[in-house]
Amino acid sequence: MDLATTIKRVGSLIGAAIIIIIIGILFPNGSDTNPPPVPEPTGRPVATSAPGATSQPGTSGTRNLALGNPSNAVHDATQPNNYLIERPQYALSYNRDRAIPNWVSWQLAPNDIGPAQRSNEFVSDTSLPSGWLRITTDDYTGSGYDRGHMCPSADRTATQDDNDATFIMTNIVPQAPDNNRVTWEHLESYSRSLVGKGHVLYITAGSDGAIEKLKNKLTVPAFTWKVIVVAARDGNISGITTSTPVIAVRVPNDKNAKLGDWDQYRVTVASIESVTGYKFFTNLPAATQTALKSRIDPPPTN
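Start counting the sequence shown at 26; every next residue gets the next number (our numbering).
Among these hints, one or two may not hold up.
What the hints assert, rightly or not - Here are the simulated lysine-lysine pairs, DSSO-like style, with alpha carbons at most 30 Å apart:
| hint | residue 1 | residue 2 |
| --- | --- | --- |
| 1 | Lys280 | Lys242 |
| 2 | Lys238 | Lys280 |
| 3 | Lys222 | Lys280 |
Just so you know, the hints here were simulated from the structure itself, not pulled from any lab data.
Please put together the full structure from these sequences, using the hints given.
What follows is the structure in structure tokens.
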């Protein structure tokens, strides 16, 4: 091979190398313009707005606090009466001095209902900070009050772990038998009937006031209350508007009363805010918040 041919071939190789380098700079992931594969959906609707800064990494994320954190609870032992606990099944604000939750929030979607059996194994919450009182099921014995779920057992039956989590005592309050077994249960069943029609619900349940303390440990609330937003069937909170149905009730917790059905205890969300000092729906636009809080809707039928 003569010198001229050699020089020409070397020049061609250098040119090709320069072209390859330029392509690598312009297209670091290759020339394929197709987007990366989308992960398979979990089947559970996911909210489209992030929760407040109090959300803890690796826990329930946006699902159960999608509409906001009503009391700005924090996962901080120096805030013992507004202590945030998040689990995949629900989020709650715990009150150490009352030894019950202030409120519990969860999303209820069609695939939260499944084949898991009711656990019935009430267990103390071992996640509470060291030195805090841990309520046991025996603290209710002989009191005349039921161990009343805030997030119901039947709302979490997709897996056995989901159902077991509802029996942790920080999800439980002393509830008058007629309230727990009739009034409250009928509302829980009605809520699941809406989910059976394809709706996704955003629910917060809690209590206020005080009747007595059991064994000088456990506050019996004077009222239990619940706020339910009947969201669009895809669970997207951007679809919640000023006309989205909302249900709010506040029920006396008198263990000697025959309380009847839940619909006679319907109130405005604003009235629950007034009693508790909480703020609901803070992740929604201001106009939507005002509309949802100010009216008493007829219960949805479809």
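These are the hints, each one checked on the structure:
no.	hint	result
1	Lys280 / Lys242	holds, 19 Å
2	Lys238 / Lys280	holds, 14 Å
3	Lys222 / Lys280	violated, 34 Å
The structure does not agree with numbered hint 3 stated previously, though it agrees with all others.
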